[in-house]
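Enquirer: Reconstruct the complex from the two isolated chains, following the hints.
So the protein sequences, as listed, match chains A and B.
Going by the numbering used here, the first sequence opens with residue 1, and the numbers climb by one from there.
Going by the numbering used here, the second sequence opens with residue 125, and the numbers climb by one from there.
Some hints could be false.
Said to hold, decoys possible - Residues on chain B that point at chain A, a partial pick, calculated with CB under 8 Å:
{"hint": "1", "residue": "R294"}
{"hint": "2", "residue": "P296"}
{"hint": "3", "residue": "A483"}
{"hint": "4", "residue": "E486"}
{"hint": "5", "residue": "A488"}
Derived by calculation from the structure, the hints in this document are not laboratory data.
Cβ coordinates follow ideal geometry from the N, Cα and C atoms, glycine included.
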Amino acid sequence: MTGKTNAMQYMILIYDSEQAWSALPEAEIHRILGEFMRYTQEITDAGIVRANGRLAPVGSATTLRGNGGKVVTTDGPFAETKEQLGGFYLIEVANLDEALRWAERCPGVAIGSVEVRPMFEMPD
Amino acid sequence: MPALAVERVYRREHARGLATLVRRFGDWNLAEDALQDAYAKALSTWSGEGLPDRPGAWLATVAQNHALDRLRRRRHAAHGTGDPGGIDGIADPFEPGSIDEGIDSGVADDRLRLLYTCCHPALAPAAQCALALRTLCGLHVRAIARAYLEPEATTAQRLVRAKRKIMEARIPYEVPAAQELPARTSQVLSVVYLVFNEGYAATDGELLVRDDLCGEAIRLGRLVAELLPRHAEARGLLALMLLHDARRDARMDAAGALVPLEEQDRDRWHRARIREAVALLDSALPMRAPGPYQIQAAIASLHAQARRAQDTDWKQIFMLYGALIRHLPTPVVELNAAVAFAMVEGPLHGLAWLDRLEARGELANYHLLPAARADLLRRAGRHAEARVHYQVAVSLARNAAERAYLQRRILACP
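Chain B on its own, in the form it takes in the complex (with noise of 0.2 Å):
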């Protein structure tokens, strides 16, 4: 069996046997390091003897002995002694029934723990995006650090940091009290959204889009999904990658400048992944718990399933604007609902609103201001101030790619 194989079904089974050996122990250092033990062994014996029935109880049950010799090693060490012969308050993992009960009983509850616990606002932001690629996702500290593009050492340290905090301030291994859950669960989803946008729009660098990165949050998200089946905005959230997502090919150019949705390619659109999210949000508005997510999917499945620009249904997405800001009231969705005004409007009317949201002062040095006001200009024949605008926009934008788009703008300009 190639090690692709065994490493596709490690990183499957990675939070759920994890999850399980953190409850089991309640040291974390102890529960990855037994994981990874049980890894290698994956990688030796199953290459032999192929795949077993339940590689997932398989993976759980070696890990789990490890974690027992390695107490025992642990034990030893520090009396001299031999064999101490059993490790208290630990079950035997031979004892018939044992394995079963870490597989099969409350596992879900395990990975919910495991969730919440490494989306912990005690931790910082940076610390429990990692955290989550490394436990829920399974992701080597290599992967993300490459992803992160910063030295694995920092990641290594800052996932350190994170554990010892864990265990020295003791952040419960446990979901959320009633009355905290629904704060700590927008979270949880935070937290994806943040590994999601830094993948798919970062702010630094060369590249515009690291895919993976937005394929691990998407796997997180799918992840969240199935944990909290009642959960309206997990669906919205998953909805919202999805179909940014699903553009992802057609948002760049082969020059590695940034291509905007009136002119992207839709043909290079992923279709299935936009009639998934569309199932979801499906599945998700009968839940009649709307949220930001749910809204901004909404909108991003209205251009999805134009299948032209000039299709596109600005009315209604102006409207989902309104409602996403009694959610979400800042100035970066008031932006993008002027530019919906304007497109319902006129230019000249999403001008006005620009020159209102300027006044306040918020959006100073946000590149995406002054580029929404060059092409309303545009669209209202205004070439030279727009060329202006452009000009100050590409001076502020900390992205290549778009850069390039907004140069290319400046060229456009008769």
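Same shape as in the complex, but just chain A (with noise of 0.2 Å):
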């Protein structure tokens, strides 16, 4: 947390189909790719970012999960989606509008959706 104790955190999700990336036109991924990078430049400078990152395609994944005092290793992600999660901010703002406002101009809006998630916050 910054000195800004009236501050609270969102991550922002992006959730976009590997699928429907893989079949897009080259110049198409460069440009969508131009537009991230213009918009994480742009949110970085704002100052309101605490971390951020683009996550690997889900075919990289592996889940655990707890089994009767076991744990059980699988290949891939928790759940198959039609969407799936490529992306994050986790921003620092004052409220749940002015995270929208970043969060509406994300390009992920434009191909897929956009999730927008308080941090849990610990009671006083």
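Expert: Written out as structure tokens, the structure reads:
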């Protein structure tokens, strides 16, 4: 947490379809990545980003699950879904409206969907 | 003083009291509980002493004291110590001037905050409606549940979840920033209209009109128009609801079947409500900010002002539908435009438009499309075809009053 005590952290979670993504022409992929780079620059310059990143494809995921005291390791994501978590920004702003204002401009909105979730706040 | 009178004052003052308490304490549940405490105290005190000079200020003061008491008790339970002697950061309610500040200044702003927060798009539409009815109209959970024909526990749960989300996601208790204001204001208006429509055109069930919900929506609409005095569409919406509501008693016959506009007994329309709506609309138009609510209200006012069905100014109505399509390009608006066109140019022209509309497939399974077609066929004297389409409409209609009306039409086909 920064010195701004009344700030609140939100995760901007970007979901898109890896399948649709892989079907896009090269030039289109470049254009979208360029938009993401510009957006990342802008949101970073605003001084509100605490962490951000792009995830490798779900094919690289490994899932662990406890099963009667044993840990079962499986290949793949925890659930097969049409859209997958592809990246995130962890931001710190005053309230949901500010978080939504930033999320709305995320290029992820145009290619899939963007979920805004507050981080759990420990009660005082 | 009878309990009903206390209830009336309580409901009138609810939004104001709650809005200020939420701002002061930042805790919706605490604010609601404290106001509830104040209401209980009003019931016992006022019955003996009668109404105080300023019941709103009385309720606010008592509610604030109860809120502070509750906070002290909470703190006591948490720390296991005696009275901490004061609550940090909250003004002492007995400090001179502090109540007046709560009552007289910034109150309109507080109610606006409440309004925009309840109608925040991050809340589910049903939750927005329930929250607005609960906080702004002061309607009890039981009454909201009854109006929405759902178990009380369902409504209560909906409200609990919505309030939890406001707290956890920190939906700001603020009037939105200028760049978001237009979109957020139309969201507010749409919530009010959603409540009204739920009451007026109940989609399911036996009753066509649920008066209580219509009344509450109009109450809400009045509050919104009062809080947004420079917003033409807020007036347009209130006018529109009043005009629909003016026809309420004439809309159903003794057997519970829907009576179409042209067959309604116009003496049973509420003239006072029509006059109020027309005046509202007249005051909105010079603001030069036309929108779908004002246009729909203008259409409804032309119907309301026609002494007999055959006096209706269909030409003007058709022109207004043309304007409405530009603001609200939906197939349902187009269906109404086609019907108005038929009234101006004759049923065959209307039928041709309905063919084009049907070919686009957007109104598949919408009972008013075959119903409109059947009406035009009947007007054109093609009764056998009309009967077939009324039959299709009956099979698609979900409301008993509408089905009863359509059945009657089938029987009336020679």
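Enquirer: All hints are to be evaluated individually against the structure, with a verdict given for each.
Expert: Against the structure, the hints:
For B/R294, the interface hint holds, the least distance from its beta-carbon to any beta-carbon of chain A being 5 Å, beneath 8 Å. The criterion of a C-beta within 8 Å of any C-beta in chain A is met by B/P296, whose closest approach is roughly 4 Å, and the hint holds. Of the supplied interface hints, the one on B/A483 is violated, with its beta-carbon coming no nearer than about 31 Å to a beta-carbon of chain A, more than 8 Å. Because the closest C-beta pair between B/E486 and chain A is about 25 Å apart, greater than 8 Å, the hint is violated.
About 26 Å separates the beta-carbon of B/A488 from the nearest beta-carbon of chain A, more than 8 Å, and the hint is not met.
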